[in-house]
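Novice: Okay, here's what each chain looks like letter by letter:
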Amino acid sequence: MGEAIVITSGKGGVGKTTTSANIGTALALQGKHICLIDTDIGLRNLDVVMGLENRIIYDLVDAAEGRCRVQQALIKDKRFDCLHLLPAAQTKDKSALQPEQMKQVVEELKPDYDYIIIDCPAGIEQGYKNAVSGADQAVVVTTPDTSAVRDADRIIGLLEQEDLAAPKLIINRVRSHLSTQGDTLDVDDVVSTLAIDLLGMIVDDEEVLKAAHQGEPIAMNPNSRASIGYRNIARRILGESVPLMSIDEKKGFFARLKSMLGLRA
Amino acid sequence: MAYVSEVKQMKTGPSKNRVTIKGTKEGLTIIMDDQCSFEDLKEELREKIAKDKQVFGNGPEVEVTVDTGYRYIGEHQKEVLSGLLKDAESIRIKEFRSEVISREEAKRQREEEGLTPVTQIIRSGQVVSVRGDVLLLGDVNPGGAVEATGNVYILGTLKGTARAGVEGDLEAVVCASVMEPNQISISDVMFYAPDRYEKKQSGPLFGEPVFAYIATPEKEISFEKTRLLTQFQKQ
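Heads up: the protein sequence lines correspond to chains Z and V, in order. Okay, so the first sequence: first residue is 87 according to this note's numbering, each after it adds one. Okay, so the second sequence: first residue is 1170 according to this note's numbering, each after it adds one.
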C-alpha cells in the first residue's frame, strides 16, 4: 500500500512542480514505484518538466469522471518503467474536480505504487483542497523570501487542520552568498519561523532551469548540487538519515580536482 | 458586604418593613428584603415613595444604590423598580447591587478574570481570540494575531499582531519573551513596527523580554522590561 505525499507551497513559482518531478525521479532512481499526479488543472506543467507532454491522451479529470479507467490515463516515463504520471486536464479549470473524486483516484492508485506524489497548484482554493484531500503526508516548499515564507506559514496552518501527518519543509533556491551577508533570510531563520521538520534544501543552480527546458529532471544529472539535494530528500523520505548538505560554494583543492575530472563536487 | 447583616435583622422586625432607605457614606441606599415576594416589595416601595415625598421631594438630584440582598433580579425586574423610582423625580439610580448573579454572568466573569493557556504556533491567517487574559505557549508568526479582553502574555516570539484590552481596557499589557511585532494594539491605541529600512538590522526590537503598555499622558504605546511589570501594575 503506497503513501500519498502532496507537494504544496501557497505561493506560486517557488518550485512545487520542479520539486515534485525531481523527488519522483529521485525515488524512481532508488527503484521505487512512483506515480506523479498533476492537480494543476488548466495550467498543467508537470508533464512539460518531465518531457512527457506529447504522450497525453486521457487526463485526471477524464479518470475522475469515469471517461476512462485510471490506468488508461497514466503515462509511463521514458526513463524509468517504475515512474508514471497522471496529467492534469488543460481545457478545464479547478472546479472540474471535487475532493471526493480526487480521494477516490488516489485510493485506486495506492495499491500499485510505493509513493504517490501529488503536485498541488498555487493558492488555497479549490485546487489546493483537491490536492490535499487524497494525501497522507504533506511537504511544504518555500524559498528564503519573506513573502514565500509568509505563504508557507499560512499553508502550514491550513494543513494542520487536515487529517495529515505533520508537514515537512523543503527550502528551495538557497543562495549561500546572499544569506551569509544578511541580505535574505537564511535557512535557520526560515526553519525557526515555520517550526516544522526540515526535509531538505536545494541550492540555487542554473542547471535546474536548463534541465527543465530540456524536459529532463535535474535529479538525473549526478554532477549538480541541486540534484544531490533532491536525491538526499528522496533518501530521507525512504527513512535514511542523511546529513544536510553544506551550502558553501567554496571549493577545496580536492573538490576542484574532482570537478575537473567530472566527478560530483 | 456590610448590608447583609442589616438585611437579616430586618426579617425579624415588623412585617411591614421590607424596604429601608438609608443614608450611607456612598450616598442613599434602598435596601430591600430578600425573602418576601416581589409584589410585596413593589407595593411597599410605592407607598414609601408617596409618603417620603418630602425626602425625595424637590431637593437636588440624589444618586441611589438599590440593594436587593440575596434576591436575584433580572432585567425585567430592574425595569419595574426603575419605573417606580421614576415617580420620585429627584432620584437617579446609580446601580443595582445584589449578592447573587446568574450562572451565565458568573461564567462570563470567571472567563474575564481567568487566564487561558493556549499551546499553539499562531500562523499567518490564524486569529486566537480569548476572553480575559491569554497565556500563549508558542509563537505568533507574521500575519497571525492573538487577542484578549485582558492581558496578552506570550512565552515565545511575537512577530505578528497582538491586541490586548480589545473591549477598552487601557491598563492591559502585552508581554512577550521576544518582542518583534508587526503591530500591537491596547484598547484603541496602536503601535506599528518601525519600517524595515529604518531598522538597522533584522531581529528583535529588544534584547530581553519586554511588555507593551499605554504610557500616560501621551497615550502612546511604550515598552518596558518585563521585570518592571510589577511596578506598573501597582500604580
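Warning: the hint list may mix true and false statements.
[Said to hold, decoys possible] Here are some chain Z residues pointing at chain V (derived, C-beta under 7 Å):
1) Ala150
2) Arg153
3) Asp239
4) Ile242
5) Ala281
[Claimed, not checked] Ranges between beta-carbon positions, derived for each pair:
6) Z:Pro329 <-> V:Ser1346: 29 to 37 Å
7) V:Ser1346 <-> Z:Ala252: 17 to 25 Å
8) Z:Asp275 <-> V:Lys1403: 33 to 41 Å
9) Z:Thr177 <-> V:Pro1363: 30 to 38 Å
10) V:Pro1363 <-> Z:Leu324: 41 to 49 Å
[Unchecked claim] Far from chain Z by the CB rule (all over 12 Å, computed), these chain V residues:
11) Lys1220
12) Ser1267
13) Pro1363
No lab work stands behind these hints, which were simulated from the structure alone. For clarity, every value in this text was computed on a predicted model and none was experimentally measured. C-beta: ideal position from N, C-alpha, C; glycine also.
Novice: Where does the structure disagree with the numbered hints, that is, which hint numbers, in rising order?
Specialist: Hints 1, 2 and 9 not satisfied by this model.
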